[in-house]
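2 protein chains.
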Amino acid sequence: MKLSIAAAIGLLALSLTEAAKTGSIKANPLPKPVNINWESSGRIHIGDLKYHGPRNEVLVKAFDRTASYIKKKWVPQSWEAPMPEWPKVPSTLPRDLGKRGDDDGDVDDDVEVENGRHRGAVNRVNVKVDDSEADLQHGVDESYNLKVTTDGTINIKAKTIWGALHAFTTLQQIVISDNGRNLFIEQPVTIDDVPKYTHRGVMYDTARNFIPIKNLKKQVEALAFSKLNVFHWHITDSQAWPLEIKHKDYRAFTRGAYSHREIYTQEHVRDLVKFARAHGVRVIPEIDMPAHSNKGWASVDPKTVACGDSWWSNDVWEHHSAVQPNPGHLDISYPGTYKILGQIFPEIAGLFKDDIFHVGFDELMPNCYEYSALTREWFDKNPGVTYNDLAQIWVNNTVEPIFKKSARRLMMWEDSVLFPAMHADIPKDVIMQSWNNGVDNIHALVKKGYDVVVTSADFFYLDCGHGGYVTNDARYNQQYKPPMNETLTKAFDAVAEYNNPYSPTLTNYGGAGASWCAPYKTWQRIYSYDFTWGLNDEEAKKVIGGEAAMWAEQVDATNLDTKVWPRAAALAELLWSGNRDSKGDKRTTELSARIFEFRERLVDLGLNASPLVPKFCIQNPHQCDLYKDQNVFAASDKAQDKARLEL
Amino acid sequence: MKLSIAAAIGLLALSLTEAAKTGSIKANPLPKPVNINWESSGRIHIGDLKYHGPRNEVLVKAFDRTASYIKKKWVPQSWEAPMPEWPKVPSTLPRDLGKRGDDDGDVDDDVEVENGRHRGAVNRVNVKVDDSEADLQHGVDESYNLKVTTDGTINIKAKTIWGALHAFTTLQQIVISDNGRNLFIEQPVTIDDVPKYTHRGVMYDTARNFIPIKNLKKQVEALAFSKLNVFHWHITDSQAWPLEIKHKDYRAFTRGAYSHREIYTQEHVRDLVKFARAHGVRVIPEIDMPAHSNKGWASVDPKTVACGDSWWSNDVWEHHSAVQPNPGHLDISYPGTYKILGQIFPEIAGLFKDDIFHVGFDELMPNCYEYSALTREWFDKNPGVTYNDLAQIWVNNTVEPIFKKSARRLMMWEDSVLFPAMHADIPKDVIMQSWNNGVDNIHALVKKGYDVVVTSADFFYLDCGHGGYVTNDARYNQQYKPPMNETLTKAFDAVAEYNNPYSPTLTNYGGAGASWCAPYKTWQRIYSYDFTWGLNDEEAKKVIGGEAAMWAEQVDATNLDTKVWPRAAALAELLWSGNRDSKGDKRTTELSARIFEFRERLVDLGLNASPLVPKFCIQNPHQCDLYKDQNVFAASDKAQDKARLEL
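These protein sequence lines are chains U and V, in that order. Note that full-length UniProt numbering has the first sequence beginning at 1, numbered continuously upward. Note that full-length UniProt numbering has the second sequence beginning at 1, numbered continuously upward.
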């Protein structure tokens with residue numbers, strides 16, 4: 001009897017029995033642990049889980065969540081199994097016809113060896129933590145050891161409570177049921193686990209559209225469940241300032257929110273930070289400056305904003321004052337900017353617990369500053385100065401005098417040092433977040449000596465591929481696909497066209513749909529990224545992790561979950577234990593079952609995580625593979641490595 | 001004071017006051033009525049709405065829904081206003097700096113003329129329907145007249161109750177509030193409205209993933225709210241058969257469902273049909289045959305399914321037995337197929353009220369039939385016969401003998417007559433649904449004499465652009481964007497590459513992301529489609545309407561709303577009153593405000609409709625336009641018409 005048929009008729013219990021016979025394991029946690037060794041003596045029954053460990057509040061509460069989750073008795077929805085055998089292809093008409101699958105529905109009731117306590121009994125969970133005081137900060141030890149013995153005891157050892165929390169998450173994913181009544185772990189198991197990268201996160205933009213705290217909390221739950229540890233909060237942008245400022249002179253900042261209901265009070269912020277911490281997730285705030293600034297500032301003092309009232313001006317690209325609507329940069333030449341910043345920055349920084357504060361610094365548009373009379377005066381008075389000199393003034397006036405007084409370590413977008421039109425000299429202890437040009441920019445930053453967080457738009461941008469959001473965009477008004485004639489061939493010859501998302505030729509009919517970073521990044525795309533390619537071991541250490549970015553031009557509470565999940569889980573595994581198997585080959589195809597299962601669990605947790613496939617593909621492992629050949633990823637790596645080295 | 005600033009600080013009441021001064025109207029219903037004439041004598045106060053009209057249950061209940069909705073007191077979130085004036089671009093450094101907007105926050109309290117009853121009073125809604133008995137079927141009169149007089153009386157006239165329901169929907173969208181307490185219609189108004197097309201719908205696929213009835217009902221509400229009148233239900237496909245069959249010999253069909261919880265009982269179906277009818281929405285069922293068939297059939301009698309156990313075989317394209325996993329066609333050569341179909345088809349048809357039944361007929365793969373011994377025998381015994389002859393046997397054995405006995409009119413995918421590899425002669429009274437090759441196929445079908453429903457994948461497919469769903473797909477493993485060298489230029493020269501979504505060259509970096517119908521169809525794309533281009537008036541009449549298609553490979557209850565809405569609203573207006581203004585120019589940009597507002601109302605109705613833009617763009621009309629020039633759509637039409645006529 002084929003698994004596919006059993007599954008399709010909903011006999012999951014049967015499937016599990018089948019699977020047990022083959023010795024395979026159904027409950028493979030995501031991210032895949034670095035070391036996981038299943039024994040073969042048979043099931044460990046799980047009854048009530050009883051905690052024995054340090055009286056640490058974070059730990060005890062996390063254990064309670066784990067135990068409650070497990071009690072709901074999860075029946076696996078997806079599991080890994082080998083590519084099925086297929087009948088031979090009929091080569092000419094009267095040839096051997098492939099046999100049909102046996103669909104008799106018989107249940108094979110092999111009795112299995114079962115270990116551990118009887119149902120209703122208690123499984124002791126021994127939790128040992130070396131240092132219960134270690135703070136949740138960048139670089140804290142997150143390793144853990146989880147051992148499930150034949151007598152049903154569960155032993156967890158970790159250096160810190162943050163490692164122990166990860167052990168609980170793993171435990172949540174290996175205790176399963178086959179009928180919704182019993183609970184078991186498939187085999188005794190030993191797991192030794194430690195993340196490859198220390199910085200693993202998702203960036204949430206709450207400025208383009210507001211997202212309520214309750215939805216952000218759900219994200220935190222999902223981050224923790226996938227062992228991601230950073231909630232990078234892009235709080236403000238030119239479109240809106242939703243963050244409450246209590247300083248008596250600057251309460252008007254939230255007049256830059258979309259409405260009085262779309263504001264994060266300071267109580268909200270503290271609540272989110274506390275909730276995240278309880279889940280082992282760090283909240284890194286970002287106030288994007290000096291570009292991407294308008295709302296809020298404009299209400300407090302309009303003089304702080306350069307080009308705030310300009311037309312962002314795509315009609316004449318040479319006149320553009322912004323990369324997107326609405327324009328606005330903080331006026332670097334206006335002293336009031338620093339006065340206000342110097343007073344609100346400590347207040348904002350005080351709301352957060354993390355050592356790291358992100359101060360933006362992406363996409364400074366020189367044209368914007370042409371709208372500032374003060375800046376034009378400065379140019380007039382200082383012949384020979386450049387936009388880079390202007391950017392340097394920003395750095396000199398902010399990094400030491402303001403930022404470092406309240407934030408232990410800074411993080412910036414790579415533009416601060418790499419953006420051709422306008423950049424500056426930045427201290428080498430600033431963490432650089434790379435979003436452009438894939439490994440080329442990562443290399444450039446590493447060579448300059450920076451620690452790097454990878455958010456390459458070609459792999460990790462979750463917003464791409466949904467078309468543009470700008471209105472009055474006639475590129476969509478392409479009524480027919482031009483036939484492949486000489487004209488079109490010429491168009492393709494034009495290199496500029498290929499690389500220009502504003503090209504009408506490539507907007508529709510297989511093109512980018514006016515999404516500048518199209519196409520949509522699928523979970524396979526995200527997982528495939530070898531972002532340290534070409535770095536030596538020493539250089540690779542400068543890459544401290546990665547983040548997916550959820551830019552919110554077309555995202556709010558209605559579709560946040562579905563855009564982030566389960567794709568971020570592919571990133572989670574990539575950053576935790578990598579994307580390769582013990583042979584060094586890409587294990588993307590093996591991840592299929594894990595991420596399908598993880599998605600079902602996210603839905604169970606209350607998130608609207610997107611389905612990745614027809615449920616048929618979940619219930620029938622590998623039957624939705626594009627190629628029967630299971631080595632296509634390894635082959636494609638080999639071919640590309642060769643081609644790239646030849647460049 | 002600029003509207004943008006008022007809006008950004010949340011003073012919607014202020015914005016409305018501003019707007020009233022300019023004489024513009026905020027509450028523009030979607031779809032835009034064919035004729036709408038606003039007067040200028042001022043607000044009509046709205047109190048309790050009291051129904052005076054026929055005692056028809058559908059009508060009275062619909063009125064009650066409308067009155068309840070209005071009572072919630074909607075404050076508009078979006079409105080149309082002209083492109084703002086912008087300061088002059090500073091051409092060199094010491095030049096005139098544009099003035100900054102006035103942000104003094106003063107409220108202009110102009111007293112307005114107000115008509116109608118005082119607050120708390122009753123507004124009489126006179127509803128006159130000529131024929132309360134007209135059934136909800138294709139072609140039923142849906143026109144209505146809605147008149148709001150200065151004394152606050154609302155007069156609705158319609159030929160049928162289905163037209164009156166549309167009048168209610170319009171009424172829902174023109175009664176607004178500016179403070180959440182009062183209620184008014186901005187001006188006296190007269191609306192004469194009638195749809196351009198009789199068939200206006202969305203296709204829902206519930207086979208690739210199951211979607212619960214409660215979610216489908218929410219879709220019905222949104223369809224009705226946008227005056228779409230067809231819920232095309234693609235119930236079954238090769239991956240799953242979720243529909244309960246009660247015939248004693250064939251109860252095993254639902255063993256082809258994903259689980260016992262993922263089944264539509266016949267009670268569910270009747271409930272949905274009734275719910276839809278109460279909302280003026282027709283449910284057209286589709287059982288996709290003879291291709292796209294496997295699950296369900298395989299459980300009842302495996303011999304009915306050809307190639308059900310074959311590998312779908314993209315490794316060797318010549319061997320492919322399916323366009324997607326999993327394979328399966330009904331075996332045309334097996335008599336048992338017709339025996340079963342003849343018994344279940346009347347049962348299924350009996351669950352629905354609509355005259356039209358869709359019997360599929362898309363994507364017949366000749367290779368699939370090579371896996372059927374009976375079909376191979378038939379080929380052997382009948383030298384010279386073709387796959388088309390095989391398809392014709394299907395038609396001869398089903399259309400008259402089975403389908404027409406239970407369904408008054410049939411609908412099929414265009415493949416039945418246009419698919420090159422395998423098609424048949426089909427009676428001319430069958431409605432053809434066109435999904436391929438844009439207007440070329442529409443023309444071909446019209447020339448053959450068929451009525452056509454337009455679902456062109458290049459414009460109306462809602463699933464496109466989210467990447468492929470197949471696993472083991474190494475096309476995503478493209479680590480770097482090849483530099484534009486000779487090799488790549490040559491690749492672009494290859495026409496085949498351009499048109500092949502399986503091309504690795506164009507999967508990533510601006511390519512299609514392995515989505516065969518990429519890119520994502522934005523609302524502007526959907527709305528722009530001139531699907532009767534090139535047809536004369538007589539031919540154009542054969543186009544009876546259109547449908548958006550929500551194929552569900554990557555859709556279920558978690559993300560159904562967000563994928564369909566508000567994009568389907570762009571289709572709704574296109575099919576109701578077209579995409580052009582009184583001058584004949586495309587009014588896509590004008591639709592912006594309507595569709596933004598409509599989206600907010602959908603969210604209020606309880607749907608997770610996607611945000612289309614940063615809220616900034618909603619609150620600041622035209623500030624997110626790509627071009628300042630408001631005639632770019634008209635210009636692009638002109639250019640394309642010229643180019644196309646020259647082809």
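Watch out, some of these pointers could steer you wrong.
Identical chains share a label here; the pair holds if one copy fits it or two copies do between them.
[As the list claims (entries may be wrong)] Straight-line alpha carbon distances no greater than 27 Å define the calculated DSSO-like cross-link-like pairs of lysine-lysine that follow: (1) K353 with K72; (2) K542 with K481; (3) K214 with K73; (4) K72 with K214; (5) K628 with K32; (6) K448 with K196; (7) K638 with K481; (8) K217 with K541; (9) K73 with K88; (10) K72 with K583; (11) K583 with K642; (12) K638 with K404; (13) K303 with K88; (14) K405 with K88; (15) K405 with K157; (16) K481 with K448; (17) K248 with K642; (18) K405 with K642.
If you're looking for bench data, these hints aren't it; they were derived computationally from the structure. Just so it is clear, the structure is predicted and the values come from calculations on it, not from any experiment.
Results of checking the hints against the structure:
{"no.": "1", "hint": "K353 with K72", "verdict": "neither (33 Å within a copy, 42 Å between copies)"}
{"no.": "2", "hint": "K542 with K481", "verdict": "between (47 Å within a copy, 23 Å between copies)"}
{"no.": "3", "hint": "K214 with K73", "verdict": "both (26 Å within a copy, 26 Å between copies)"}
{"no.": "4", "hint": "K72 with K214", "verdict": "both (23 Å within a copy, 24 Å between copies)"}
{"no.": "5", "hint": "K628 with K32", "verdict": "within (24 Å within a copy, 51 Å between copies)"}
{"no.": "6", "hint": "K448 with K196", "verdict": "within (23 Å within a copy, 63 Å between copies)"}
{"no.": "7", "hint": "K638 with K481", "verdict": "between (36 Å within a copy, 16 Å between copies)"}
{"no.": "8", "hint": "K217 with K541", "verdict": "neither (31 Å within a copy, 54 Å between copies)"}
{"no.": "9", "hint": "K73 with K88", "verdict": "neither (41 Å within a copy, 66 Å between copies)"}
{"no.": "10", "hint": "K72 with K583", "verdict": "neither (37 Å within a copy, 62 Å between copies)"}
{"no.": "11", "hint": "K583 with K642", "verdict": "within (19 Å within a copy, 59 Å between copies)"}
{"no.": "12", "hint": "K638 with K404", "verdict": "neither (46 Å within a copy, 58 Å between copies)"}
{"no.": "13", "hint": "K303 with K88", "verdict": "between (75 Å within a copy, 18 Å between copies)"}
{"no.": "14", "hint": "K405 with K88", "verdict": "neither (71 Å within a copy, 40 Å between copies)"}
{"no.": "15", "hint": "K405 with K157", "verdict": "neither (38 Å within a copy, 71 Å between copies)"}
{"no.": "16", "hint": "K481 with K448", "verdict": "between (46 Å within a copy, 23 Å between copies)"}
{"no.": "17", "hint": "K248 with K642", "verdict": "neither (62 Å within a copy, 62 Å between copies)"}
{"no.": "18", "hint": "K405 with K642", "verdict": "neither (49 Å within a copy, 64 Å between copies)"}
Comparing the model with each numbered hint stated earlier shows that hints 1, 8, 9, 10, 12, 14, 15, 17 and 18 do not hold.
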